[in-house]
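Enquirer: Here is what each chain is made of, one letter per residue.
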Amino acid sequence: MTPHEQRARARALRVGDHTCWSYSSATEHRNVLTAYLASGLAQGEKVVAFDRRGAAGRVAAYLSSAGYDVPALVASGTLVLGVAEDEYAPDGVFDADARIAGFADVAAHALDDGFTGLRAYADTTAMLAHVDATRRWPAYELRCDLLTTRLPIAGLCGYDATRSSPIALDLVRSVHRVCLGSRGTSRFAVHGGGDGSLELAGEVDAFTADQLESLLVGAVDDATVPVLDVTHLDFADVAAMRAIAAALRRMTTRRVGVQLRGPSPTFRKVWNSLRLHVAGVELVPA
Amino acid sequence: MTLGTQPLPDAIDEFRHEAMFYAGLDGFTAGTAAFIRAGVDAGEPVLVVVSADKIERLRDELGTDAAAVHFADMAGVGANPARIIPAWREFVDRNADTPRPFRGVGEPIWAARTADELVECQRHESLLNVAFADSTAWWLLCPYDTTTLSPAVLDEAERSHPYVAHGELRRESDRYRGLDASAAPFDVPLGPPPVAHTEHPFGADDLSDLRPLTLTHALHHGLGEVRAHDLVVAVNEVATNSLRYGGGSGVLRTWATADAVVCEVADAGRLTAPLADRTLPAEDRNGGRGLWLTNQLCDLVQIRTFDTGTVVRLHMWRG
Numbered sequence: 001m002t003p004h005e006q007r008a009r010a011r012a013l014r015v016g017d018h019t020c021w022s023y024s025s026a027t028e029h030r031n032v033l034t035a036y037l038a039s040g041l042a043q044g045e046k047v048v049a050f051d052r053r054g055a056a057g058r059v060a061a062y063l064s065s066a067g068y069d070v071p072a073l074v075a076s077g078t079l080v081l082g083v084a085e086d087e088y089a090p091d092g093v094f095d096a097d098a099r100i101a102g103f104a105d106v107a108a109h110a111l112d113d114g115f116t117g118l119r120a121y122a123d124t125t126a127m128l129a130h131v132d133a134t135r136r137w138p139a140y141e142l143r144c145d146l147l148t149t150r151l152p153i154a155g156l157c158g159y160d161a162t163r164s165s166p167i168a169l170d171l172v173r174s175v176h177r178v179c180l181g182s183r184g185t186s187r188f189a190v191h192g193g194g195d196g197s198l199e200l201a202g203e204v205d206a207f208t209a210d211q212l213e214s215l216l217v218g219a220v221d222d223a224t225v226p227v228l229d230v231t232h233l234d235f236a237d238v239a240a241m242r243a244i245a246a247a248l249r250r251m252t253t254r255r256v257g258v259q260l261r262g263p264s265p266t267f268r269k270v271w272n273s274l275r276l277h278v279a280g281v282e283l284v285p286a
Numbered sequence: 001m002t003l004g005t006q007p008l009p010d011a012i013d014e015f016r017h018e019a020m021f022y023a024g025l026d027g028f029t030a031g032t033a034a035f036i037r038a039g040v041d042a043g044e045p046v047l048v049v050v051s052a053d054k055i056e057r058l059r060d061e062l063g064t065d066a067a068a069v070h071f072a073d074m075a076g077v078g079a080n081p082a083r084i085i086p087a088w089r090e091f092v093d094r095n096a097d098t099p100r101p102f103r104g105v106g107e108p109i110w111a112a113r114t115a116d117e118l119v120e121c122q123r124h125e126s127l128l129n130v131a132f133a134d135s136t137a138w139w140l141l142c143p144y145d146t147t148t149l150s151p152a153v154l155d156e157a158e159r160s161h162p163y164v165a166h167g168e169l170r171r172e173s174d175r176y177r178g179l180d181a182s183a184a185p186f187d188v189p190l191g192p193p194p195v196a197h198t199e200h201p202f203g204a205d206d207l208s209d210l211r212p213l214t215l216t217h218a219l220h221h222g223l224g225e226v227r228a229h230d231l232v233v234a235v236n237e238v239a240t241n242s243l244r245y246g247g248g249s250g251v252l253r254t255w256a257t258a259d260a261v262v263c264e265v266a267d268a269g270r271l272t273a274p275l276a277d278r279t280l281p282a283e284d285r286n287g288g289r290g291l292w293l294t295n296q297l298c299d300l301v302q303i304r305t306f307d308t309g310t311v312v313r314l315h316m317w318r319g
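Which chain is which? The protein sequence lines are A and B, in order. If you count the first sequence from 1, position 265 lands on 265 in the working numbering, and the numbers rise without skipping. If you count the second sequence from 1, position 241 lands on 241 in the working numbering, and the numbers rise without skipping.
It is worth saying that the hints were derived from the structure and are not from the lab. Every residue, glycine too, gets a C-beta built ideally from N, C-alpha and C. Misleading hints may appear alongside valid ones.
[Said to hold, decoys possible] Now the in silico label distances, taken between C-beta atoms and shown as ranges: (1) 307/B x 100/A: 53 to 61 Å; (2) 193/B x 95/A: 43 to 51 Å; (3) 248/B x 163/A: 41 to 49 Å; (4) 251/B x 183/A: 51 to 59 Å; (5) 210/A x 70/B: 52 to 60 Å; (6) 257/A x 275/B: 52 to 60 Å; (7) 162/A x 251/B: 36 to 44 Å; (8) 70/B x 257/A: 30 to 38 Å; (9) 163/A x 206/B: 46 to 54 Å; (10) 224/A x 282/B: 31 to 39 Å; (11) 73/B x 104/A: 37 to 45 Å; (12) 257/A x 14/B: 29 to 37 Å; (13) 222/B x 183/A: 33 to 41 Å; (14) 134/B x 91/A: 36 to 44 Å.
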């Protein structure tokens, strides 16, 4: 992708877009982030940017170079700058519930204050390897994806590809509705649907089913509607089906009217053959 | 063949697996109707799994007694012979609390079975002894038509059944192969794949490649979309077993015959659990469902375990 295309795609991101961005150079970082943040400011959105530790002043410099009066934006509450590690793991502790509640709270106040929405950027590279967060991080990202289906938030999650494990990056890409840069090699994707459901797509087999179960079980409570949509699930083996059943069981502990939407004929046959029926879950067409 | 003359037992205290040799439809009706009536008269639950035309004949013969009997068409239940034991298992489980024994009639073998189906039916008959060795008491009668089946098939029936009957004459089979031999790994050779087959060796990183390959093969040879995807799931499960339990690699062979789309997975593992493909593990147990699923999805599954490894051959009928 050319720098021009990168900037164009970043500018086009809107509230409701939860975007994974694996960047690989300082130039790319500057181009994309400047375009993304400037687009939000132009649309009357409140802008929050949490850059990684050690990059103090980088975002402010981007905006200043683009002609913005950064001190004035900060003073008016239009722009909030911070350090990602401090925001996500204060005192070394990662609290996913608190972090999500924090974004929801900022978004709500932004609307109250007359902004059109919240545009957030966070460089979360460090969280992929954070001792307290690494295992829970992908499910947290999925919860963020669901959050952007119900609040006017544009979220851009930056990962430094030169400092991140390709496997970990693949997994976080799979829980963002939008990707800038490489989509990686993940064979499945799970994210929030337009109606607030959870949508599972692609292929899941015995070698990825544990990842899927961890993601789904960790995020099903955040779905606005109690629906897991598998319309675009191209392949699921026994292990994948059991992961889905586990997630639905979890969903039924807190919700009524749970639906598994859009199973293919083969999915239904396998589901029934394995006797995976979950009480309180209805299989419905797409 | 020498016949003893034992009186019909009034009661059984274990699983009794009995081959009943009969001649033609009249012989079938006379032999099975007497067996079924004895069960109905004793208040025993009775399940009869035979062909649709024989069900009709039995209903006529039994008259009002037929209302106390459950019937199922073997063409559906046993199209894939490996699905028959689960059906009997359901029947047994459903009646586990019945204070008296119960009985069934099951005819999995008939003359029109293909050669491959016949072998799997014979394997099924042997495995019944294993499946219900520790079961509550019940009596399963397996009719064999001496007018249409070959002597070799009738001979094998004597080896796979601890008891045999000719009409009301019942005896132990002195040729029964026994429980251990019934449970031994099945190593009856499979015919070689045709020359025009395709081989796809696979390892840990190749599982996802097998899926589009299988789908393309299935669709190319005329399977419908849904059945093609069924075959993909089945092949994936068997290949996953190769990667996990079969030495970490395997070979997928694909071909088609006039009747079937065939996929075969071979690996270096040994399958020692004789009922692995006919038992759905408890919900809380991990693993062990792949082979079960292949039998639910495929029309015929042939599993062979040799000293050198295991071969699983999956058939989907064309058209």
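Enquirer: If a hint holds in the structure, say so; if it doesn't, say that too.
Expert: Do the hints match the structure? See the list:
| no. | hint | verdict |
| --- | --- | --- |
| 1 | 307/B x 100/A: 53 to 61 Å | 57 Å, holds |
| 2 | 193/B x 95/A: 43 to 51 Å | 58 Å, violated |
| 3 | 248/B x 163/A: 41 to 49 Å | 32 Å, violated |
| 4 | 251/B x 183/A: 51 to 59 Å | 32 Å, violated |
| 5 | 210/A x 70/B: 52 to 60 Å | 42 Å, violated |
| 6 | 257/A x 275/B: 52 to 60 Å | 39 Å, violated |
| 7 | 162/A x 251/B: 36 to 44 Å | 40 Å, holds |
| 8 | 70/B x 257/A: 30 to 38 Å | 36 Å, holds |
| 9 | 163/A x 206/B: 46 to 54 Å | 30 Å, violated |
| 10 | 224/A x 282/B: 31 to 39 Å | 35 Å, holds |
| 11 | 73/B x 104/A: 37 to 45 Å | 58 Å, violated |
| 12 | 257/A x 14/B: 29 to 37 Å | 49 Å, violated |
| 13 | 222/B x 183/A: 33 to 41 Å | 35 Å, holds |
| 14 | 134/B x 91/A: 36 to 44 Å | 59 Å, violated |
In the structure shown, a violation is registered for the earlier hints numbered 2, 3, 4, 5, 6, 9, 11, 12, 14, in ascending order.
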